[in-house]
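Trainee: What follows is the residue order along each chain.
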Amino acid sequence: MQTVKMVVTGPFNAGKTQFIQSVSEIDVVSTERRLSSEGERAVKEQTTVAMDFGRITVDDDLVLYLFGTPGQKRFDFMWEILSEGMLGFVVIVDSTRPETFREARAILETFRAYAPTPYVVAANKQDLEDAWELEDVRHALRLDGKTKLLPCVAINRSTVKMVLLELLYSILEEMEPES
Amino acid sequence: MALRGNLRDFTITQLLNLINLAGKTGTLIVEGPSEEAQVAFRDGKLAFARIGAEDGSLAAILHRANRITTSQYRAIRERADRMGDKELGLLLIDGGYVTQEDILVNLQNHIAGIVRRLFTWVEGFFRFESDMDPPADRIQVRLDLENIIIEGSRQLREWEQLQDEIPSLDMALKFTQRPLTNLNLSAEEWRVVRYVDPRNSLRQVAATNKLGELDIRRIVYGLLQAGLVELVRPAGVPAPVNPRMFPTRDKIEQKSLINRLIGRIRSM
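Residue numbers (our numbering), protein chains in the order written: chain A, 1 to 179; chain B, 1 to 268.
Chain A on its own, in the form it takes in the complex (with noise of 0.2 Å):
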C-alpha cells in the first residue's frame, strides 16, 4: 500500500478541521481540547491542539492522508513534524475575520520556508455576508499573481474538491519540466 500526505494549515479557527472532514472517507481522527484562554474560547470552544487526521483511498495500492495542524502558535512544535514529507499544503483563511489574515501569511511563510512544495491558500467561509473579496484578502495576504487563492467553504464538499484539485494540479505542473 502506498500512502501520500497533504497538510490543511490556517490559523486557529480558520475552517481546517471541517475542511478535512468534508472530504475525509472516514470519520476525522481529531485531538480536540477545551480552550483555556477565555478569549479563544468566546470564538470556539473546542481547538485542534495535536492534529487533524482524514483518508481518501484512491484504490487498493494508494491512500491520500490529510492532515490538519492546530492554529494555535503555542502548538507550532507541530508544524514541521506534520510537514515532513507532505506532496503540498492548503493554507486556510477565515474570509470573515481580517485579524486573522496576518497569522495566515505568517503561517504560510514558515510553511514555504519547511519544505518547497507547492501550496494553494483557500479563502474559506465566503458564503457569508461579511466574507472579503477574494482580491481584497490576495492583497490583504500580499499573495502575487501567481499563487492559487480559491473561494471555499469548508462545509461544502465541492468547493472542499476544488481546492484539493487545484493543488493537485500545481503539483503536476511543478512536474512538467522533469518529465
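Treat the hints as calculated values from the structure; they're not laboratory data.
This one's a predicted model, so the numbers in the text were calculated from it and none came from an experiment.
Ideal placement from N, C-alpha and C gives every residue a C-beta, glycine not left out.
Incorrect hints may have been included.
[Unchecked claim] So the derived label-pair ranges between C-beta atoms look like this:
| id | chain 1 | residue 1 | chain 2 | residue 2 | range |
| --- | --- | --- | --- | --- | --- |
| 1 | B | N109 | A | M175 | 46 to 56 Å |
| 2 | A | R102 | B | R64 | 27 to 37 Å |
| 3 | B | G52 | A | N156 | 48 to 58 Å |
| 4 | B | G23 | A | M78 | 37 to 47 Å |
[Stated by the list, open to error] With a straight-line Cα cutoff of 25 Å, these simulated DSS-like cross-link-like pairs (lysine-lysine) come out:
| id | chain 1 | residue 1 | chain 2 | residue 2 |
| --- | --- | --- | --- | --- |
| 5 | A | K148 | B | K255 |
| 6 | B | K255 | A | K146 |
| 7 | B | K255 | A | K161 |
Fit chain B to the known structure of chain A by using the hints.
Mentor: Frame of chain A; chain B shown alone:
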C-alpha cells in the same frame, strides 16, 4: 543559591529586572545560540558589556561612531595597541580629537546596544558571577536599567512580530513587478536593496551588510510591506527533497500517482 539557568525559563527582561531591583554587582554571562555575552553591573546599574569576538575597544567604538577617522584608528592600533582604554581616552581628550562627552556617549550607546541585542535571545544559558569584574583597562559607565528594560520589552514584541512575518533567514528576495522609482529609502534599506537577488539568502545579505537578525528582518519587512520585494526560496540552492514525499522515485510513476489522486477526487 547561584543565579543560573535557562533563558527559556527566565528571560533577559526578568534577569535585568532582578539585577536592577536587587542592586546587584557582578557579571552576567549569557551563552547564546552562537556567541557569548558578558554584561557587568555595579549596584544594579549597567557598567560594561561585551559580546562574542566583537572588538569592543574604545578605539573601535569611536571609529564605528565616526568620531575618529580610519587612519587615526589604524594609527592607534599600530602604535598604542597595548594601551588601556582609560589611558587612550585621556590621550585622545588631551590631543583634542574627542571630548569626554564623546567618549561617554558612545560607550553608553555601545554597551546599551549590546544589552538590547540580548533581548532577542530566547535560547541559551546564563549565570551571574558576583565576584567577576569587567577588565581593569576598560572604561565603565553607569546606566540605569529601567529605560533599557522598557525599550527591550518593546523590542522583544517587535522581534516576535517580525519573526512571524519572516520566520526564516534562509529565504531570498526578488523584486516584484512594481518599478523602483521615486523611492525614499534609508541608507540601510538601499544597502539591502542592492543585494535583492534570488541567489542571495537573507542570512547572506545580513552578513554582507553586517546587520543583525532583528535589523535585517525590520528592513525586509518594510520592503515587503511596500510591495517592492517578495520572499522566494534561494535560486540555485537544491530544494531539500524529502524522499518520503512520494512512495516511488520513478518520475513517471509519481506523475501517474498524482493523476490517480486527481481522478479519485473528481469522482467523489
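Trainee: Decide, hint by hint, whether the structure agrees.
Mentor: Okay, the hints, checked on the actual structure:
no.	hint	verdict
1	B:N109 - A:M175: 46 to 56 Å	54 Å, holds
2	A:R102 - B:R64: 27 to 37 Å	35 Å, holds
3	B:G52 - A:N156: 48 to 58 Å	56 Å, holds
4	B:G23 - A:M78: 37 to 47 Å	43 Å, holds
5	A:K148 - B:K255	21 Å, holds
6	B:K255 - A:K146	22 Å, holds
7	B:K255 - A:K161	19 Å, holds
This entry satisfies every hint, going by the numbered hints stated previously.
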